[in-house]
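Protein chains in written order, with the numbering used here: chain A, 272 to 420; chain B, 8 to 112.
These are calculated hints, taken from the structure and not from any lab test.
Every residue, glycine too, gets a C-beta built ideally from N, C-alpha and C.
Careful, some of the hints might be misleading.
[Stated by the list, open to error] Taking lysine-lysine and the DSBU-like style, the derived pairs with C-alpha atoms no more than 30 Å apart in a straight line are: (1) A:K390 - A:K305; (2) B:K55 - A:K305; (3) A:K419 - A:K390; (4) B:K55 - B:K36; (5) A:K390 - B:K23; (6) B:K23 - A:K298; (7) A:K419 - A:K298; (8) A:K308 - B:K36; (9) B:K23 - A:K308; (10) A:K419 - B:K19; (11) A:K308 - A:K298; (12) A:K390 - B:K55; (13) A:K419 - A:K305; (14) A:K308 - A:K390; (15) A:K419 - B:K55; (16) A:K390 - B:K36; (17) A:K298 - A:K390.
[What the hints assert, rightly or not] Computed beta-carbon distance windows for the label pairs: (18) A:M291 - B:H24: 34 to 42 Å; (19) A:K298 - B:N82: 41 to 49 Å; (20) B:E112 - A:S395: 40 to 48 Å; (21) B:Q29 - A:I276: 30 to 38 Å; (22) A:L279 - B:G26: 31 to 39 Å; (23) B:H37 - A:I277: 25 to 33 Å; (24) B:G26 - A:R290: 45 to 53 Å; (25) A:Q379 - B:E112: 25 to 33 Å; (26) B:E77 - A:I351: 53 to 61 Å; (27) B:F46 - A:G347: 32 to 40 Å; (28) B:E77 - A:R316: 45 to 53 Å.
[Unchecked claim] Simulated coverage check for chain B against chain A, where a stretch passes if three residues somewhere in it have a Cβ under 8 Å from a Cβ of chain A: (29) 22 to 30; (30) 42 to 53; (31) 56 to 68; (32) 73 to 81.
The primary structure of each chain is shown beneath.
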Amino acid sequence: MTNIIIFLVLLVLGYVFGRMAERRHFKSIIDREKQYKHILCFNERTLPVHTPIPEVSLVAGNVVISIDYFKRIAAGLNNIFGGRVRAYESLIERARREAILRMKEDAQQHGAQAIFNVKLETASIYKGRGQQIGSVEVYAYGTALINKS
Amino acid sequence: MIITNIEIIPGKTVVKHLGMVQGNTVRAKHVGRDIMAGFKNIFGGELKGYTELLQEAREESVARMTQQAEAIGANAVINVRFSTSSITAGAAELFAYGTAVILEE
Numbered sequence: 272m273t274n275i276i277i278f279l280v281l282l283v284l285g286y287v288f289g290r291m292a293e294r295r296h297f298k299s300i301i302d303r304e305k306q307y308k309h310i311l312c313f314n315e316r317t318l319p320v321h322t323p324i325p326e327v328s329l330v331a332g333n334v335v336i337s338i339d340y341f342k343r344i345a346a347g348l349n350n351i352f353g354g355r356v357r358a359y360e361s362l363i364e365r366a367r368r369e370a371i372l373r374m375k376e377d378a379q380q381h382g383a384q385a386i387f388n389v390k391l392e393t394a395s396i397y398k399g400r401g402q403q404i405g406s407v408e409v410y411a412y413g414t415a416l417i418n419k420s
Numbered sequence: 008m009i010i011t012n013i014e015i016i017p018g019k020t021v022v023k024h025l026g027m028v029q030g031n032t033v034r035a036k037h038v039g040r041d042i043m044a045g046f047k048n049i050f051g052g053e054l055k056g057y058t059e060l061l062q063e064a065r066e067e068s069v070a071r072m073t074q075q076a077e078a079i080g081a082n083a084v085i086n087v088r089f090s091t092s093s094i095t096a097g098a099a100e101l102f103a104y105g106t107a108v109i110l111e112e
């Protein structure tokens with residue numbers, strides 16, 4: 272009986288706080304995406320021809336985001352019936368956009384206007400047999416072009 | 008030392024390729040961070056401790072790669088790639104590799 276109560280409490284906590292955190296995070300992502308929209312990201316390897324020769328520098332950003340209890344249970348149920356696992360889709364989207372934003376922040380500090388050859392790397396972090404800690408890491412990196420002026 | 012993940016550095020030419028250089032580091036999370044991460048797993052959100060840990064680890068692997076490149080007389084590393092693999096529960100390997108070259112104006 273106590274187990275069921277603990278389970279339900281965790282489920283409700285996960286749902287309420289997880290949703291709150293997610294909404295807040297998406298709002299901040301959208302705000303910052305507007306703020307950094309002057310820095311352009313490309314995944315082309317070749318650089319366009321610039322007349323003042325720009326300097327280059329590696330810029331990167333990473334983030335680790337954890338799933339909440341409710342999402343884990345919801346995804347577990349999805350594993351039975353199949354189909355889209357929406358809980359994870361939004362989690363990974365958040366992580367990717369956040370990593371790209373942090374890369375842009377890094378580029379801003381270097382005074383860059385564009386980032387070329389952007390690569391995204393995703394890794395999942397698990398711990399223990401019961402997958403006690405489930406989180407996703409996204410690392411974004413690229414070459415920033417810095418115009419000397 | 009110029010480090011990039013593209014093949015050409017604008018305004019400079021590669022005069023000599025010196026082969027691949029690499030740097031790696033294996034990191035374990037410490038218990039305090041793990042407990043915090045356990046709480047965060049209920050509420051969701053960013054694991055700041057892990058973000059910092061992985062970032063520091065990547066910087067170290069790049070530093071090791073740079074050291075290796077300097078040791079063989081390169082002045083740039085191009086085409087850098089990163090790779091992550093988890094070895095056992097609780098430890099991760101971060102790996103950076105690239106081509107060491109000598110550049111001239």
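Hints versus structure:
no. : hint                        : verdict
1   : A:K390 - A:K305             : holds (21 Å)
2   : B:K55 - A:K305              : holds (24 Å)
3   : A:K419 - A:K390             : holds (25 Å)
4   : B:K55 - B:K36               : holds (12 Å)
5   : A:K390 - B:K23              : holds (26 Å)
6   : B:K23 - A:K298              : violated (49 Å)
7   : A:K419 - A:K298             : violated (34 Å)
8   : A:K308 - B:K36              : violated (35 Å)
9   : B:K23 - A:K308              : violated (38 Å)
10  : A:K419 - B:K19              : holds (15 Å)
11  : A:K308 - A:K298             : holds (16 Å)
12  : A:K390 - B:K55              : holds (22 Å)
13  : A:K419 - A:K305             : holds (25 Å)
14  : A:K308 - A:K390             : holds (18 Å)
15  : A:K419 - B:K55              : violated (34 Å)
16  : A:K390 - B:K36              : holds (26 Å)
17  : A:K298 - A:K390             : holds (24 Å)
18  : A:M291 - B:H24: 34 to 42 Å  : violated (53 Å)
19  : A:K298 - B:N82: 41 to 49 Å  : holds (45 Å)
20  : B:E112 - A:S395: 40 to 48 Å : holds (44 Å)
21  : B:Q29 - A:I276: 30 to 38 Å  : violated (52 Å)
22  : A:L279 - B:G26: 31 to 39 Å  : violated (59 Å)
23  : B:H37 - A:I277: 25 to 33 Å  : holds (27 Å)
24  : B:G26 - A:R290: 45 to 53 Å  : holds (51 Å)
25  : A:Q379 - B:E112: 25 to 33 Å : holds (28 Å)
26  : B:E77 - A:I351: 53 to 61 Å  : holds (55 Å)
27  : B:F46 - A:G347: 32 to 40 Å  : violated (20 Å)
28  : B:E77 - A:R316: 45 to 53 Å  : violated (26 Å)
29  : 22 to 30                    : violated (count 0)
30  : 42 to 53                    : holds (count 9)
31  : 56 to 68                    : holds (count 5)
32  : 73 to 81                    : violated (count 0)
Consistency with the previously given hints fails for numbers 6, 7, 8, 9, 15, 18, 21, 22, 27, 28, 29 and 32, ordered from lowest to highest.
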